[in-house]
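Here the protein sequences come in this chain order: A and B.
Under this note's numbering, the letters of the first sequence match residues 337 to 692, in that order.
Under this note's numbering, the letters of the second sequence match residues 337 to 692, in that order.
FYI, nobody ran anything at the bench for these hints, they're computed from the structure.
Every value quoted in this text rests on a predicted model; they were computed, and no experiment measured them.
We treat Cβ as the ideally placed atom computed from N, Cα and C, and that holds for glycine.
Heads up, a few of these hints could be off.
[As the list claims (entries may be wrong)] Derived Cβ-Cβ restraints for the label pairs, each shown as a range: (1) E560(B) x I493(A): 27 to 37 Å; (2) K543(A) x E343(B): 52 to 62 Å; (3) E343(A) x E343(B): 24 to 34 Å; (4) T389(A) x M678(B): 27 to 37 Å; (5) E343(A) x E368(B): 25 to 35 Å; (6) G453(A) x P480(B): 13 to 23 Å; (7) T389(A) x E690(B): 45 to 55 Å; (8) T504(A) x E368(B): 21 to 31 Å; (9) L481(B) x T377(A): 16 to 26 Å; (10) K356(B) x V661(A): 36 to 46 Å; (11) G660(A) x P506(B): 39 to 49 Å.
[Said to hold, decoys possible] Derived, one-sided and incomplete: chain B residues facing chain A with beta-carbon distance under 8 Å: (12) R347; (13) I417; (14) G418; (15) R427; (16) M451; (17) A659.
There are 2 protein chains.
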Amino acid sequence: MAQVEVELGDRSYPVVIETKLDASKLLEAIGERRAFIISDTHVASLYLNKVKTMLAERAIGAYVIAAGEASKSLEQTEAVIGEMMGVGADRKSIVIALGGGVVGDLAGFVASTYMRGIDFIQIPTTILAMVDSSVGGKVAVNHPLGKNIIGHFHQPIAVFIATDMLKTLPAREVSAGIAEVIKYGVIWDEAFFTWLELHLDELMALKHEVLIEAIQVSVKTKAEIVSKDEREGGLRAILNFGHTFAHAEELLSGYGEILHGEAVGAGMVAACVLSQALGKMSPAETQRVTCLIQRAKLPSRLSTSLQKDNFWLAMQGDKKSHAGVVNFVLAPKLGQCEMPQMVERALVERMLAESY
Amino acid sequence: MAQVEVELGDRSYPVVIETKLDASKLLEAIGERRAFIISDTHVASLYLNKVKTMLAERAIGAYVIAAGEASKSLEQTEAVIGEMMGVGADRKSIVIALGGGVVGDLAGFVASTYMRGIDFIQIPTTILAMVDSSVGGKVAVNHPLGKNIIGHFHQPIAVFIATDMLKTLPAREVSAGIAEVIKYGVIWDEAFFTWLELHLDELMALKHEVLIEAIQVSVKTKAEIVSKDEREGGLRAILNFGHTFAHAEELLSGYGEILHGEAVGAGMVAACVLSQALGKMSPAETQRVTCLIQRAKLPSRLSTSLQKDNFWLAMQGDKKSHAGVVNFVLAPKLGQCEMPQMVERALVERMLAESY
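For reference, chain A alone in the conformation it holds in the complex:
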């Protein structure tokens, strides 16, 4: 068992990393309160009854959303909240997010707004949610015009990671999660990147020790960055490496067509190419990142054409953008990252056209 603390003063919380979900720890976190579980169709059929049984009379209800990004909507929020009111959830109740990033984002947003904010616990069931979205308190739903536009910073009171749950995860989702694992190597920790180059195949095969190590390093890195900058006033923005491209790709290809991690894979390669063209990252390093992304069975090229006006327009809608200027997180070298900076459209397009 490993445990990582996210240090945020009176909003600090533990991320517990184990093989199996520990009922006693979960019950301890809930205490005398009542819990409402939010899950999705995929996860619920595998784990909902198990968690309900663990909670016994602490569980007052559950809501199962359709799996997929389309469920991250205000309409769905209203439906979940209606169900919570129906079963008498109150200010002292706790929301439990049992699922991947979509469930965590929606359940966290519901918790952040229900009666002006109640506690919630994350039980992430995908690698992506374990190493990224369940930690750090970013919660949101989508607007028809943009991803995660409606949201909040609302930290969970605890995160329980049980790696056994990954056994049922489709291979495509495993790859998508590994994209964010690779990101920590690229932006923060060159040694971890090298370790990933050595152990990627075992990680893809979910080999126990490798999986635990990869998750632990990823969570520690994220916790460290979030502890220094909870609300993305500064440092935290580097977690968006590759994401300016990725969010536009997701928006234009239609949410659900491409997985977030897949878009991040292609987006990171684009960010490396752009960094290299601006004289930052070396060609050899860009090559190493591209290669690792490909080995993880992730797309290394954006499927949407960067030349198109709507791609630039979509990037202007990114939350890092300001007054129409598009900002990019760039890497000076492998294992390091710079704060978002403006790069002009013509320059971005030319550089990517030439060397991509």
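Guided by the hints, dock chain B onto chain A, whose structure is given.
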């Protein structure tokens, strides 16, 4: 000009109370940023162009909602946010709420969730919004099953009160606002209550000095309570005096049929009667409150029957309720208040039936 500071550490802000809206102060608060105005059909026809002119090129857009409680919905939230995205509002933009409580609650909720939270300024145009809803950071929209169920604590960066705007306020809205003014006398300040007994007629006629004094004392009282307990972990709950009844009354009579202040007037009398029946407030004091409520042309009796199951059910849905127990804020004497406490249904019904 009077100014009251709401002391909340790095979330502190001024409430500026003046006769006319001060363009220079408003522009100073906005600085180099861009502002998006949210108003309603009633207020927009009177003041929107005036404020737009003040802001000049700082104004990037405006959204006018239909006047009335029905606009406080997630559906409306999504529409406003779509418009903000369309005009390029970003994380550094500011929302300006120009209107009464409904506009302030919705605009504040929009600001609290847009790109995970942006700044907002309140320009309240009703007495109720000036003395109550614009100060303290409670923002929310309604769920079909309950009022203000979906919301947040999101403090404005400044509140600008211009009493001249009240000249266009319908008499019924003036009375509704005075209900909350009277509340501060009942729960916090007996001397202010006595002053109100002396000056109520002048206040109803919007006499300048009396109006400024009443608003200033009310805002100071609210600011003091909110500064001590921003997120309603304790003391702030006393601001809900009469509101357990009022919220149920509003829910059952259909939002918009009865004004919030009207429900609060009747709810405060019910809370006094309940306090008296429990040996707290004296009969003479209850009589004084009832009389002042009536002089303010507010209903002093709830229109919905307390005996009905759905009234109790509605009160169980109140945010102060926990595990089905209904809590009431009671007054030991005029000018004082106790924290919410449970009173059993049979007791509440009998007492109100006997002495009401």
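Hints, verified against the model:
no., hint, in the structure
1, E560(B) x I493(A): 27 to 37 Å, "holds (31 Å)"
2, K543(A) x E343(B): 52 to 62 Å, "holds (55 Å)"
3, E343(A) x E343(B): 24 to 34 Å, "holds (27 Å)"
4, T389(A) x M678(B): 27 to 37 Å, "holds (32 Å)"
5, E343(A) x E368(B): 25 to 35 Å, "holds (34 Å)"
6, G453(A) x P480(B): 13 to 23 Å, "holds (20 Å)"
7, T389(A) x E690(B): 45 to 55 Å, "holds (49 Å)"
8, T504(A) x E368(B): 21 to 31 Å, "violated (52 Å)"
9, L481(B) x T377(A): 16 to 26 Å, "holds (25 Å)"
10, K356(B) x V661(A): 36 to 46 Å, "holds (37 Å)"
11, G660(A) x P506(B): 39 to 49 Å, "holds (42 Å)"
12, R347, "violated (12 Å)"
13, I417, "holds (6 Å)"
14, G418, "holds (6 Å)"
15, R427, "holds (6 Å)"
16, M451, "holds (5 Å)"
17, A659, "holds (7 Å)"
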